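K.L.:
Please work from the sequences and hints to get the whole structure.
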Amino acid sequence: MSMQKEESVKKLFTAESAKVDTNKGDQYYEELYATCQDRIEDLKQLKPLNNRVDFTESIEEQGLGRRDFLQWASATTAMLMLPASFTPLVAEAAVLMNRVPVIWMELQDCAGNSEALLRSDGPKIDEIILDIISLEFHETLQAASGHQAEKQMNEAMEHFKGKYLLFVEGSVPLGNNGTYGTIGASGETFIDHLHRGAEGAAAIVAVGSCATFGGIPAAAPNPTDAVGVMDVIKGKPIINIPACPANPSNMVGVILHYVLTGTLPELDSLLRPKFAFGYRIHDNCERRAHFDAGEYVEEWGDEGAKNNFCLYKVGCKGPMTFNNCSIIRYNEGVNWPIGVGRGCIGCSEPDFWDKYAYERPMANANIKAPTGGVEKTVDEFGLGLLTVAGIGIGIHAAASAIAGKREDGGEY
Amino acid sequence: MNAKPGYTQVKRRTGALRIIHWVNVLSMMVAIATGLYIAAPYYQTFIAEGAVDKYVMGWNRWGHFMVAIIFDVTSIIIFYLTFFSRVDTPWKKVIPNKDNLKEFGAVLVNLLTLNRRKDFSSAHNDSFNITYFFIFHFLMIWMLLTGLQMYVHGLESGLSGIGTWWPTMLHLVTDWTIPAATFLIGSANPEAGGTLMDVRISHHITMWLLITWVVFHIYYQFWRTIFWKEGDISIIVGGSKYVKIEDGENS
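Going line by line, the protein sequences match chains U and Z.
Under the numbering used here, the first residue of the first sequence is numbered 239, with each subsequent residue one higher.
Under the numbering used here, the first residue of the second sequence is numbered -13, with each subsequent residue one higher.
Since the hints were derived computationally from the structure, they do not count as laboratory data.
Fair warning: this is a prediction, and the values are worked out from it, not measured in the lab.
Keep in mind that the hints are not guaranteed to be accurate.
Claimed, not checked - Listed next, with one range per pair, are the computed distances between beta-carbon atoms:
{"no.": "1", "chain 1": "U", "residue 1": "I629", "chain 2": "Z", "residue 2": "R72", "range": "36 to 44 Å"}
{"no.": "2", "chain 1": "U", "residue 1": "K249", "chain 2": "Z", "residue 2": "I55", "range": "22 to 30 Å"}
{"no.": "3", "chain 1": "U", "residue 1": "R434", "chain 2": "Z", "residue 2": "Y118", "range": "53 to 61 Å"}
{"no.": "4", "chain 1": "Z", "residue 1": "F51", "chain 2": "U", "residue 2": "I629", "range": "34 to 42 Å"}
{"no.": "5", "chain 1": "U", "residue 1": "G425", "chain 2": "Z", "residue 2": "F51", "range": "20 to 28 Å"}
Backbone N, C-alpha and C define an ideal beta-carbon position, used for all residues, glycine too.
P.N.:
Okay, here's the thing in structure tokens:
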């Protein structure tokens, strides 16, 4: 464990910034273009896997036209920070998404990330794409259960060994030998389940805050000793897509990047793809002007709230949170938390439930005093400290004054 | 100025050090006033004007960063002078050797016995006082590094008005404060590697530690002035104090 901490500190020191160089020169992009083309040709040779839904039919069934699809393709190309000339490749890759096998694993969580894909009103192209990926195994969605489900997973892992992407949703409980979470007819613990799935995976995508940093199950007092996937699995490429829930656009972005280039996108020190988490929410927020002007919503539903003032005083954590939801929003640009008039709760940062999601400014938050135990707000803690110092000084001053008078009176 | 009969004048602070002291005092007051506003905006702005006409948080942040940079510069100067000053050698006083520990103890006893006992020379800056300043410098370094870490959050593009080297350097110098702050604040899942909010919480708590430091500092300097009767408070104004000429001490 200490090695791993050293590693993460080393990563922090070597991380230049979240910046991704969007202009790497013509030569780089020409080479990448050729690689991507070859890869797409190869994928075309492959037959679609289990999921034989045809993408073009699928979008037509949902009442979307080719124009909508191409709009989506150019937006996604931009999101992945590729030149516009890559748009046709991205469109082709999207159609070929059913050639890449995906195993989806669900651990200690609320299934919120799966829900985010499924429950959108009128599926958008991101969701349709996630419908047509070759989902070989998904505990929540599949019809099979018990021994049958286990068999299906074993077969998928055997058949696509070394090729499949493992999506993990939910944290890993380590406490009590992992018995806080078991799955399947044999009562396999989540840790064993994850290790077994990770072994043959080409790469692991941790989806949502629970799978990345432990999320809500790992919030204080963390009764199950929950941790994220990256703290358990070593020696495998891991991508974290935090947020609660993770944005389907970012999931599609990562899969597309993998389908298109055969590699993982550039990652930051927390293993988050930079194309999505290289932006601070605050810097692209539509209410930023109100922040700088000092115009804040003082309480829910006041004049400020009606006039879209900044939500900083009701606890928005945009200034500390890195994510692209202020740019791409959710459900293909429909809306996002600030847009509906509530603050950011920093759901894509570690420890977000304890340290970001308290809906008031940090200075008014109940945080644990460094000694642990008593919960006090930061300022109350500071004023308390000051009071103690003041009392001490008062006693000393009074004693000094009395002693000084005695001295003057010649008692000594 | 001539000393009172029986007293001799001792030079203690150069002009540069006195200027830095008062610059720091002003900077700290500005930093606290603006910092509290940034943490939780405590006054409302007039709603009648449009956002385009006012810049209240903007000015508060501007002021906060300006005094932070002034603090950075004075800190570098003080760091240099701690080791290479021509007139004073403060670093020799924080080394825990026999003489320093003895002097530290003697000054502490003097404070606790309300000036009943005073077995040390008060002509020079003593170990106790300098150790107390060392705590201040330690807290200030933490304050500056955590502050710069929060500042570099906003330069996530890797660009800045003065070039790309600036955010690169800030990341290199301050990124370690994230796991360090998480270690100090504590986390339910320390494996996740620390979070930016811990830096902010730590920055805020350290402000209170510094205010507490200042309160005792002011009290103690006045207390010395009153009880030692050597005009200690004028060290930071005129640069010197007066020491009673005792037998054998003044040579």
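K.L.:
Against each hint, give a clear statement of whether it holds in the structure.
P.N.:
Consistency of the hints with the structure:
1. U/I629 / Z/R72: 36 to 44 Å: Because 42 Å falls inside the window, the suggested range holds.
2. U/K249 / Z/I55: 22 to 30 Å: Given range 22 to 30 Å: holds, Cβ gap about 29 Å.
3. U/R434 / Z/Y118: 53 to 61 Å: At 59 Å between Cβs, range holds.
4. Z/F51 / U/I629: 34 to 42 Å: 35 Å, holds
5. U/G425 / Z/F51: 20 to 28 Å: Taking Cβ atoms as reference, U/G425 and Z/F51 lie about 57 Å apart, which means the hint is violated.
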